[in-house]
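Residue numbers (the UniProt record's numbering), protein chains in the order written: chain E, 1 to 192; chain D, 1 to 192.
There's no promise every hint is true.
[Said to hold, decoys possible] Ranges between beta-carbon positions, derived for each pair:
{"#": "1", "chain 1": "D", "residue 1": "K128", "chain 2": "E", "residue 2": "H189", "range": "38 to 48 Å"}
{"#": "2", "chain 1": "E", "residue 1": "H189", "chain 2": "D", "residue 2": "D41", "range": "42 to 52 Å"}
{"#": "3", "chain 1": "D", "residue 1": "K135", "chain 2": "E", "residue 2": "H189", "range": "51 to 61 Å"}
{"#": "4", "chain 1": "E", "residue 1": "S107", "chain 2": "D", "residue 2": "E136", "range": "33 to 43 Å"}
{"#": "5", "chain 1": "E", "residue 1": "E136", "chain 2": "D", "residue 2": "L68", "range": "29 to 39 Å"}
[To be verified] Short derived list, chain E residues pointing at chain D, Cβ under 8 Å:
{"#": "6", "residue": "Q52"}
{"#": "7", "residue": "F54"}
{"#": "8", "residue": "V61"}
{"#": "9", "residue": "L68"}
{"#": "10", "residue": "A104"}
{"#": "11", "residue": "L105"}
{"#": "12", "residue": "P113"}
{"#": "13", "residue": "Q114"}
{"#": "14", "residue": "K152"}
If you're looking for bench data, these hints aren't it; they were derived computationally from the structure.
Positions of the beta carbon are idealized from the N, C-alpha and C atoms, including for glycine.
Protein chains: 2
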Amino acid sequence: MGSKWEVSVFLYVLVFVVIEASIGAQAARRALLQPKPDPADAAATARWLVSQNFWGTLRHVVSFSDGLPNKGQGIPYFYLTNLDVTARNAMKDARSSFAVSEIALGSCGKADPQNPTCAKLTLSGKLKLVDKNSKEGEFAKAALFSKHPEMKGWPNDHDFLFFKLEIENLFLIDWFGGAKPLTVEQYLHPRK
Amino acid sequence: MGSKWEVSVFLYVLVFVVIEASIGAQAARRALLQPKPDPADAAATARWLVSQNFWGTLRHVVSFSDGLPNKGQGIPYFYLTNLDVTARNAMKDARSSFAVSEIALGSCGKADPQNPTCAKLTLSGKLKLVDKNSKEGEFAKAALFSKHPEMKGWPNDHDFLFFKLEIENLFLIDWFGGAKPLTVEQYLHPRK
């Protein structure tokens with residue numbers, strides 16, 4: 001009889017722990033993930049992709065940030081070592097493109113990554129070195145180190161430098177009907 | 001008294017359902033994800049990244065496959081519409097690079113996406129059209145449609161074509177010490 005109560009108490013605790021863990025993980029994901037904007041608003045969708053992602057492809061897969069969490073300004077900043085070819089290439093030929101996708105956010109449901117309802121954005125332009133002692137260098141540092149706390153401890157002797165992509169062109173797929181028309185001006189200064 | 005039993009039965013069922021759902025999801029993920037090879041084996045690591053990923057960046061984010069699940073041959077195949085710039089650009093200038101990363105597999109733990117312990121691979125070479133009526137075309141179709149079942153239903157009037165990346169160079173980061181030396185021959189014919 002006592003054992004029945006023990007089983008009940010054990011089950012209560014187990015259910016509580018399992019459900020709490022599940023809700024906790026979901027809450028953490030929700031905190032990171034703002035809801036996806038309406039596909040009719042191309043600028044907001046593109047800004048959402050850049051704000052919510054924390055890595056993308058700049059020829060190689062790299063970390064990036066466009067600002068403090070949920071306070072991004074749309075320009076991707078990078079922290080690349082001079083030892084890496086991406087940074088060395090940028091010194092020679094600054095033309096670059098940088099791609100992010102909704103698939104990396106986990107919010108495409110069952111849609112295939114290439115399905116047009118699963119949004120993807122490619123920014124192309126020039127990769128520019130950012131002076132770490134400038135105001136923009138401070139912004140880049142705060143933007144990157146807040147989203148990538150591990151960067152604070154990356155080795156000094158690897159000669160890490162701040163870079164940004166100076167955006168010249170945007171290619172956004174979100175929903176059917178081909179790439180969305182979107183200017184750099186619309187992207188950098190979207191209507192609220 | 002009956003109600004205590006009802007509560008116990010309800011809790012039993014609830015615990016069972018929650019735990020089953022959790023184990024089912026983990027099993028599905030494990031089935032997809034083969035264990036990561038030893039960082040000392042560059043070819044195996046590169047082949048693992050290509051075999052286990054199902055999307056990557058070919059300037060834009062795209063779906064791909066290198067063979068039937070866990071039977072890949074290392075060459076990425078794509079199913080691109082002629083309406084899309086990636087395919088149109090390939091017709092003009094075939095030089096392309098294609099990037100995949102372990103971060104997309106979810107097995108990097110707490111490591112930052114740019115941390116060298118989180119493997120990343122960029123294949124560069126030429127994007128080539130594959131004749132859909134050839135033997136290779138049949139291979140590409142089986143490879144893509146098995147990993148991306150949605151592709152079977154993609155609209156005929158969008159003029160989808162099979163492409164492959166003819167690999168000329170590999171850039172693999174896995175663990176510390178910079179890019180791993182890895183030839184195309186080593187990648188395509190790894191020692192078992």
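Results for each hint:
In this structure the supplied range 38 to 48 Å holds for K128 (chain D) paired with H189 (chain E), their Cβ-Cβ distance being about 41 Å. Between H189 (chain E) and D41 (chain D), the C-beta spacing of about 49 Å keeps the proposed range 42 to 52 Å intact. A beta carbon spacing of about 53 Å between K135 (chain D) and H189 (chain E) agrees with the range 51 to 61 Å that was offered as a hint. Take S107 (chain E) and E136 (chain D): their Cβ atoms lie about 35 Å apart, and the range 33 to 43 Å holds.
A beta carbon spacing of about 49 Å between E136 (chain E) and L68 (chain D) contradicts the range 29 to 39 Å that was offered as a hint. Annotation: Q52 (chain E) was flagged as interfacial toward chain D, and the flag is violated, the nearest CB pair being 14 Å apart, outside 8 Å. Because the beta carbon of F54 (chain E) sits about 7 Å from the nearest beta carbon in chain D, less than 8 Å, this interface hint is met. Because the closest C-beta pair between V61 (chain E) and chain D is about 4 Å apart, less than 8 Å, the hint holds.
Annotation: interface hint on L68 (chain E) violated; nearest CB of chain D at approximately 17 Å, more than 8 Å. A hinted interface residue such as A104 (chain E) counts as satisfied when its beta carbon comes closer than 8 Å to some beta carbon of chain D; here the least separation is about 7 Å, so the hint holds. Because the closest C-beta pair between L105 (chain E) and chain D is about 11 Å apart, greater than 8 Å, the hint is violated. Against a cut-off of 8 Å between C-beta atoms, the interface hint on P113 (chain E) holds, since the closest Cβ of chain D lies about 4 Å away.
Interface hint status for Q114 (chain E): upheld, as the beta-carbon distance to the closest one in chain D is roughly 4 Å, under 8 Å. Against a cut-off of 8 Å between C-beta atoms, the interface hint on K152 (chain E) is violated, since the closest Cβ of chain D lies about 11 Å away.
Hint compliance for this structure: hints 5, 6, 9, 11 and 14 are broken, all remaining hints hold.
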